[in-house]
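Please work from the sequences and hints to get the whole structure.
Residue-level listing of the chains:
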Amino acid sequence: MIPLNWYLFLSAVLFIIGAVGVLTRKNAIVILMSIELMLNSATINFVAFSRYLNSATGQIFAIMIITVAASEAAIGLAIIISMFRNKNSINLDDYSLLKG
Amino acid sequence: MLNPETMNELINYLIFGSLAFIILASAIMVITRKEVVHSALFLILCFFGVAGLYIQLRAQFLAAVQILVYAGGIMVLYLFVILLVNRKVIEETKRSKSFKKIFILVGLVLLLEFVLIFTGTVLKEGVKEKIVEESFNMGSTEYIGGILYTKFLFPFELVSLVLLAAMIGAIVLSKRKI
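Taken in sequence, the protein lines are chains A and B. The opening residue of the first sequence carries number 1 in my numbering; numbering runs sequentially from there. The opening residue of the second sequence carries number 1 in my numbering; numbering runs sequentially from there.
Simulated from the structure, these hints should not be mistaken for laboratory data. Certain hints may be false.
To be verified - Examples of chain B residues lying across from chain A (beta carbon under 7 angstroms, computed):
{"id": "1", "residue": "N12"}
{"id": "2", "residue": "S39"}
{"id": "3", "residue": "L62"}
{"id": "4", "residue": "I74"}
{"id": "5", "residue": "L77"}
{"id": "6", "residue": "K100"}
{"id": "7", "residue": "F103"}
{"id": "8", "residue": "G107"}
{"id": "9", "residue": "L110"}
{"id": "10", "residue": "F118"}
{"id": "11", "residue": "F152"}
{"id": "12", "residue": "V159"}
{"id": "13", "residue": "V162"}
{"id": "14", "residue": "L163"}
{"id": "15", "residue": "L173"}
{"id": "16", "residue": "S174"}
What the hints assert, rightly or not - Pairs of lysine-lysine, BS3-like flavour, derived with a Cα cap of 30 angstroms:
{"id": "17", "chain 1": "A", "residue 1": "K87", "chain 2": "B", "residue 2": "K177"}
{"id": "18", "chain 1": "B", "residue 1": "K175", "chain 2": "A", "residue 2": "K99"}
{"id": "19", "chain 1": "B", "residue 1": "K101", "chain 2": "A", "residue 2": "K99"}
{"id": "20", "chain 1": "B", "residue 1": "K34", "chain 2": "A", "residue 2": "K99"}
{"id": "21", "chain 1": "B", "residue 1": "K100", "chain 2": "A", "residue 2": "K26"}
{"id": "22", "chain 1": "A", "residue 1": "K87", "chain 2": "B", "residue 2": "K34"}
{"id": "23", "chain 1": "B", "residue 1": "K175", "chain 2": "A", "residue 2": "K26"}
{"id": "24", "chain 1": "A", "residue 1": "K87", "chain 2": "B", "residue 2": "K175"}
Even for Gly, the Cβ is constructed at its ideal location relative to N, Cα and C.
So, in structure tokens, the structure goes:
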């Protein structure tokens, strides 16, 4: 049996990769994909705990996370499409209207 | 010759290692590739790796959902949006190298923090592991469906409302004129 902390560290590293992706990239689509990576790392934790504590609640949580991720992707991509329509760009550097 | 128990254990570790390698390598590819389409395809690979991990954790239903919803549904949505957005526009503005280094440093600090938190809490006290080998099939569709429609009925209905709101929101946002 693989120790639980291996899963925890794997998901931590995956989360960090997603966070670094959000910070370093300028493309709105890639940033959304990095957020998906972070959500996936949270789901891995839930499923691992569900296995090691012998309770299915973690798996139910994982299903909820997948649902939220689906709606987040739909909304985010709709926003990207309307951004592209307005300014013909999805580079986040072009969107600094709130800077004043 | 190894006895079957240790052999089994070894195979388990081997599967975990290769899945972890696939997940982490493709995740790094996602955030480093210049072409957005390549990032999206590597993200699909990453999702398949995570689904493999779920199967190893005996969550078969979740693995199927992961492949169907993530790799099948969400990624097709991503690919369509990449298709709709003009390729020439996708090019990124160059960001200075020092900025990137700072962010990677921030990531390493975050990782250190995670490790400290894990070793301070979960690993210090230890999780009371209650693994029951094959006594009942926790990850099966039957069991998950059973508790999803009884114990977790209210969250289930709430999450369906979230989906409805997201659907309406996506339609309103992407429509030219309402």
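- Item | Unsatisfied constraints (hint numbers, rising) | Violated hints: none; all satisfied.
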